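Chemist: Listed in order, the protein sequences are those of chains A and B.
For the first sequence, the positions run 1 to 139 when the numbering used here is used.
For the second sequence, the positions run 1001 to 1386 when the numbering used here is used.
Keep in mind that the hints were calculated from the coordinates and are not lab data.
What you are looking at is a predicted structure, and each value in this text was computed from that prediction instead of being measured.
Hints are not guaranteed to be accurate.
Unchecked claim - Below, a sample of chain B positions facing chain A; criterion: calculated Cβ distance under 7 angstroms:
| hint | residue |
| --- | --- |
| 1 | Leu1118 |
| 2 | Gly1145 |
| 3 | Arg1153 |
| 4 | His1156 |
| 5 | Gly1159 |
| 6 | Ile1188 |
| 7 | Ala1191 |
| 8 | Ala1195 |
| 9 | Ser1196 |
| 10 | Val1198 |
| 11 | Ile1199 |
| 12 | Ser1200 |
| 13 | Ala1250 |
| 14 | Arg1385 |
For every residue, glycine included, the Cβ atom is placed at its ideal position computed from N, Cα and C.
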Amino acid sequence: MAVELQHPVPAASWETRAWWEGCGRGELVLQRCGACGKVQHKPRAVCATCLSSEIEHFVASGRGQVYTFTVTHQNQAPGFREACPYVLAYVELEEGPRLLTNVIGCDPGEVSVGMPVVVDFAPVDDEREAFAVPRFRPA
Amino acid sequence: MTLSGQIAIAGVYEHPTRWAPEKTEFQIMAECARGALRDCGLSLDDVDGLFAASMSMGAMGVCNLAEYLNLKPRHLDGTNIGGSSFVAHVSHAAAAIHAGLCEVALILYGSTAASNALAIGTGLGGGGRDPAQAFVSPYGMTTVGSYALVAQRHMHEYGTTSEQLAEIAVTMRRHAALNPEAKMRAPIEVADVLASRVISEPLHLLDCCIISDGGGAVVVTSAERARDLARPVVLLQGCGEAVCHQEVGAPDLLTIAASQSGAQALGMAGVSHDDVDLCTIYDSFTITLLLTLENLGFCKPGEGGAFVEGGRIGLGGALPVNPDGGGLSSNHPGMRGIFLVIEAARQLRGECSERQVEGAEVAMVHGTGGTLGILHTGATLVLARA
């Protein structure tokens, strides 16, 4: 792509802060329920399967595969307009959850469903927070 | 007692405008209210339930609208679940009327999306400081892009082709040619769709709905009262609503809200797919219509591509869909659900001249709201000529 994607700074609530801070350290931090064992994403303070508050965190492998994708040729929003064409995708992590993300580091025409990918963190420009945005590149 | 068959669509009106830079949203809604009340022979004084949503109405929006119309209804509903809202408003109004909370419900929509140059499909996917949006906003998701993710997955799992999706756009344009008020009436072929520029792969420009100004109104009342009014009675036989989201991390992109809301509506109506004479389906994109047909159960998952081929969903086919030309060719002022209700009612009343589905007795209406691959709603109605 001609111009690198400029990711808007994500806003965190205290429920989602562990995710974004983890990304800042180079880790994908997922949640697992201590009561029923269900892995859930996006993060929340209660288990959306059994309503337990016993939420545990663990670091995911960062590996997955492209579940589906689209090559975006038109987006008039600043920061994305200049980066077209870019790849918007769902990546299915080895641990199960599917993340909405971008696939970078290759020609958009080379992306395919099922392609193995690995996480790649882009630091965000925010002097108050050490967050990063997780994207994926070919494994 | 079930409300099936107890509630009627008494009056409808679709604003003829497709470009109204000189009008406001509320003005368009008021003109539509006038049209729908005249249609059934009622007046503003008869209205005791008000239902509305729009692109710009916020938390108190329906109250602002009540003030604009100088109405003091005894039942208010500003439910906004995206473009399907107005389909849901019909079932909400039916429940309220059935429960005695109001008797004459007015459902309104108006928009100047086109003359405001709203880039609905490819311009709203920016940043924002909402933590709930932070899992989407960093990635440049557009409305078209969210549906494109679904289309790509459907193609991968089932071999659905761009040609099959294009057939839907061609059919809607053929219908629009029979609708004097449709915005886009010049015939197109499959090759034209494939040759139009790619917006978000695999969706081309002509796979996407148009953007217009416009509005509509629907008057809902009891079947008993509707029998004394001016127009043929259209009965609500079944309804359903559903929401599809990210669940706890692994959404099934190809099972959409229509599978739940459609099954409920058909069950409540006690009709089978073979009984349905036509459908009005929210066609924000070609893939939306295809996936809705599958999820409503008109064909099996994965068979939608073959189903829409050969003129089956065109006028004269086995299951005509959107005889007005739909959002792909007639009108799409941001939230299109109300037009699905209006066209279905008019078809069942037999007043659609050149685009009339002959002998239409049962219609299925399905609206999708939100973004199909991310977070969306569905609302279904089964309507029947009394």
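Chemist: Are the hints correct? Go through all of them and say.
Modeler: Okay, the hints, checked on the actual structure:
With a cut of 7 angstroms, the hint placing B:Leu1118 at the interface with chain A is violated, because the nearest CB-to-CB distance is about 11 angstroms. With a least beta-carbon distance of about 5 angstroms to chain A, the hint placing B:Gly1145 at the interface is held under the 7 angstroms criterion. Among the interface hints, the one on B:Arg1153 holds; its C-beta lies about 4 angstroms from the nearest C-beta in chain A, closer than the 7 angstroms criterion. A least Cβ separation of about 4 angstroms between B:His1156 and chain A falls short of the 7 angstroms threshold, and the interface hint therefore holds.
A hinted interface residue such as B:Gly1159 counts as satisfied when its beta carbon comes closer than 7 angstroms to some beta carbon of chain A; here the least separation is about 12 angstroms, so the hint is violated. About 20 angstroms separates the beta-carbon of B:Ile1188 from the nearest beta-carbon of chain A, more than 7 angstroms, and the hint is not met. Hint on B:Ala1191 is violated. Least Cβ distance to chain A is approximately 20 angstroms, over the 7 angstroms limit. For the restraint placing B:Ala1195 at the interface with chain A, the shortest Cβ-Cβ distance is roughly 15 angstroms, beyond the 7 angstroms limit, so the hint is violated.
With 7 angstroms as the threshold, the beta carbon of B:Ser1196 stays out of range of chain A, its nearest partner Cβ sitting at about 12 angstroms, so the hint is violated. Because the beta carbon of B:Val1198 sits about 5 angstroms from the nearest beta carbon in chain A, less than 7 angstroms, this interface hint is met. Interface restraint check: B:Ile1199 against chain A, minimum CB-CB distance 5 angstroms, threshold 7 angstroms, status holds. For B:Ser1200, the suggested interface contact is upheld, since its CB lies about 5 angstroms from the closest CB of chain A, less than 7 angstroms.
Among the interface hints, the one on B:Ala1250 holds; its C-beta lies about 5 angstroms from the nearest C-beta in chain A, closer than the 7 angstroms criterion. Checking B:Arg1385 against chain A by beta carbon gives a least distance of about 41 angstroms; that is not within 7 angstroms, so the hint is violated.
Checked against the numbered hints given earlier, the structure breaks hints 1, 5, 6, 7, 8, 9, 14 and satisfies all the rest.
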